[in-house]
Amino acid sequence: TSSKSVSPHALCSFSFSSWLPRSVPFRGGHWQGSVLAFRASLPVRAQPKKKKKVDVRREQAQKDRMKKKIKKLEKAAPELIPIEDFVAPLKYSDSNRVRSLPPLSFEETERRVLLLKKWCLFKQKQDEAEKKAIQTLVEAQQEALEELRLESEELYQAAIRRDEGLFPFERDGPDYTPPIPGYDPPEGKCMDITKVYTQ
Amino acid sequence: TTASPRPWRLFGAMCLLRLPRITQPLEKEEEEVAALMGQIELEKSHYSDHEMRKLEEEEQLRRRKESMFDDDEAPGKTVIMAQDLEDKWEQKLLQFKAAPRITDADKKNNRKSLNRRLDNNLLLLVKQKIGNQELWLLPQVEWQPGETLRSTAERAMAMFLGDHIEAKILGNAPYGIYKYKFPKAIRTEHNVGAKVFFFKAFLQSSDLSQAELKEDYLWVTKDELGDYLKSEYLKKVNRFLLD
Numbered sequence: 016t017s018s019k020s021v022s023p024h025a026l027c028s029f030s031f032s033s034w035l036p037r038s039v040p041f042r043g044g045h046w047q048g049s050v051l052a053f054r055a056s057l058p059v060r061a062q063p064k065k066k067k068k069v070d071v072r073r074e075q076a077q078k079d080r081m082k083k084k085i086k087k088l089e090k091a092a093p094e095l096i097p098i099e100d101f102v103a104p105l106k107y108s109d110s111n112r113v114r115s116l117p118p119l120s121f122e123e124t125e126r127r128v129l130l131l132k133k134w135c136l137f138k139q140k141q142d143e144a145e146k147k148a149i150q151t152l153v154e155a156q157q158e159a160l161e162e163l164r165l166e167s168e169e170l171y172q173a174a175i176r177r178d179e180g181l182f183p184f185e186r187d188g189p190d191y192t193p194p195i196p197g198y199d200p201p202e203g204k205c206m207d208i209t210k211v212y213t214q
Numbered sequence: 569t570t571a572s573p574r575p576w577r578l579f580g581a582m583c584l585l586r587l588p589r590i591t592q593p594l595e596k597e598e599e600e601v602a603a604l605m606g607q608i609e610l611e612k613s614h615y616s617d618h619e620m621r622k623l624e625e626e627e628q629l630r631r632r633k634e635s636m637f638d639d640d641e642a643p644g645k646t647v648i649m650a651q652d653l654e655d656k657w658e659q660k661l662l663q664f665k666a667a668p669r670i671t672d673a674d675k676k677n678n679r680k681s682l683n684r685r686l687d688n689n690l691l692l693l694v695k696q697k698i699g700n701q702e703l704w705l706l707p708q709v710e711w712q713p714g715e716t717l718r719s720t721a722e723r724a725m726a727m728f729l730g731d732h733i734e735a736k737i738l739g740n741a742p743y744g745i746y747k748y749k750f751p752k753a754i755r756t757e758h759n760v761g762a763k764v765f766f767f768k769a770f771l772q773s774s775d776l777s778q779a780e781l782k783e784d785y786l787w788v789t790k791d792e793l794g795d796y797l798k799s800e801y802l803k804k805v806n807r808f809l810l811d
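For the protein sequence lines, the chains are A and B, in the order given.
Terminal number for the first sequence in this note's numbering: 214, no gaps in between.
Terminal number for the second sequence in this note's numbering: 811, no gaps in between.
Extracted from the complex, chain A is given alone in its bound form (with noise of 0.2 angstroms):
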């Protein structure tokens, strides 16, 4: 006999691989028929004959129905992706986020003003130069080959021949301080969360 009294409840709790021999006779109730027979005695719901028919219907029916709506939802418009950078994301439009800052005196917009068109001349200066010196390139080069046609015309045919290995031109711009050399940067781990939008 077992020390312990087993409920009803723990027996059909138990696992086929737990069933332990000394238990047998403590059969919870009529449900539990034979040992072997434990899968057969739980109520069966479907007709195993109709199973195959009516339910391969019923599927068809539901994959066009998938299908259809499918097809609905692409023949929408596709939204267009939002560009966060034009839009200024509500909380900064806040009445107490503007900044005070004392008016501008009548000297300070003048000063401004004829800043802005010594700043025209300036640019305007700069442009002319530029081009006279891209003008000057041009026409040294045309000399140059002007010159190689006279003396070889098979070096000349070289000469204009264009380079194929010259474009791409890659090449890092120049920083305000040259870098130091051996400079071991500190480590750092970057968190990309820029939010990725799929159409």
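To be clear, the hints were calculated from the coordinates, so they are not data collected in a lab.
Here a beta-carbon is modelled for each residue, glycine too, at the ideal position from N, C-alpha and C.
Treat the hints loosely; a few may be bogus.
[To be verified] Label-pair ranges, simulated between beta-carbon atoms:
1) P196(A) - K790(B): 22 to 32 angstroms
2) Y191(A) - L623(B): 27 to 37 angstroms
3) P93(A) - E734(B): 43 to 53 angstroms
4) K633(B) - A144(A): 53 to 63 angstroms
Once you've looked at the hints, dock chain B against the given chain A.
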């Protein structure tokens, strides 16, 4: 093809440029306008999150100073103020020392070094013997039949700097030409003078420790060329050099 005697001898010369490493200093107008743009941007902007936090904390401090009843509100909390953060960032910035824009080579005016005048283009000049004169020139070498002028220029560069030079030659066409007639003593019907074709290249590798520079050489900027080159030669070279 019959080798007809050419009255002009052809030379290929290489104009090797080291591109600038730092930006040029701003002109007076540029600086003024840059300051103005910064000012306008500040005026048109709104407060950022950090500035809002700073303002609120200043308000709190002020209120606490005026009325002493807030002492029991924040007993044990160690709150980091926005001002403290700013000070911390400032300290961190001061700890970093950037390399100086005016290098040692600048101060000593060491014209053989590539570290000089980092905001300008540096051009290679070598001392060559032409006729019976030793002149400062862009490295040049005589053209030999069977090669293009570009390869002549490459050969000139390799002769003076060795084979391990990484330079990007800008195209097959020459950038300029210098034509001169030999002095009357040497001039013959078939040997009137010489034409020197200039090619331009950008120096890619920054260290020339492997280069075996045999002759006298210099790296100079466009405005210093006048110290070394003859006037006619200089005029032609200046046409295809941008500042």
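Cross-check of the supplied hints:
Take P196(A) and K790(B): their Cβ atoms lie about 27 angstroms apart, and the range 22 to 32 angstroms holds. A hinted range of 27 to 37 angstroms holds for the C-beta pair Y191(A) and L623(B), which are about 32 angstroms apart. The given range of 43 to 53 angstroms is respected by P93(A) and E734(B), whose C-beta atoms sit roughly 48 angstroms from each other. Look at K633(B) against A144(A): about 60 angstroms separates their beta carbons, and that is inside 53 to 63 angstroms.
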